[in-house]
Amino acid sequence: MWDAKNMMCAADPRHGRYLTASAMFRGKMSTKEVDEQMINVQNKNSSYFVEWIPNNVKSSVCDIPRGGLSMASTFVGNSTSIQEMFRRVSEQFTAMFRRKAFLHWYTGEGMDEMEFTEAESNMNDLVSEYQQYQDATVDEEVEYEEDEGQQEIS
1 MWDAKNMMCA ADPRHGRYLT ASAMFRGKMS TKEVDEQMIN VQNKNSSYFV EWIPNNVKSS
61 VCDIPRGGLS MASTFVGNST SIQEMFRRVS EQFTAMFRRK AFLHWYTGEG MDEMEFTEAE
121 SNMNDLVSEY QQYQDATVDE EVEYEEDEGQ QEIS
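Under full-length UniProt numbering, the first residue of the sequence shown carries the number 1, and numbering increases by one thereafter.
These are computed hints drawn from the structure, not numbers from a lab.
There's no promise every hint is true.
In silico BS3-like pairs for lysine-lysine, Cα to Cα no more than 27 Å straight-line [unchecked claim]:
#1 Lys28 <-> Lys44
#2 Lys28 <-> Lys58
#3 Lys58 <-> Lys32
#4 Lys5 <-> Lys58
All of these numbers come straight from a predicted model, not from anything done at the bench.
Let the hints inform the model, and build the full structure from the sequences given.
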């Protein structure tokens, strides 16, 4: 379930850290055992989870299995490794945008060239934000909250 082969895009979760995750299980299984296994996965792979978001992995169990299967699971995770894919898409977009490739199709439909520049900037900001989340520590989070509190008092 946590393997890179099971991801829906080419982003290797070993190159990032999970901010949050949710696992949904269907079929006859023990809720207690599911919870224990999820905690074991987190403990064994603690370097792949941010420590500044407590209880960031949730799981749920539905007793009714999906048609034709005795058990199934679905995993949804928010990992900083997605920045790899965003970076690749951004590089490809930038290369095409510099040459103004296909731009006439969009401007002909009423879009402005500035909208593409803004979208490129937003994508770069998103990559930077994910990198900050990946590098953040508990100490930095406490400092940030203290700084916020001082600003509110001022």
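Item to complete: Mind listing which of the numbered hints don't hold for this structure, in increasing order?
Response: Of the numbered hints, all hold.
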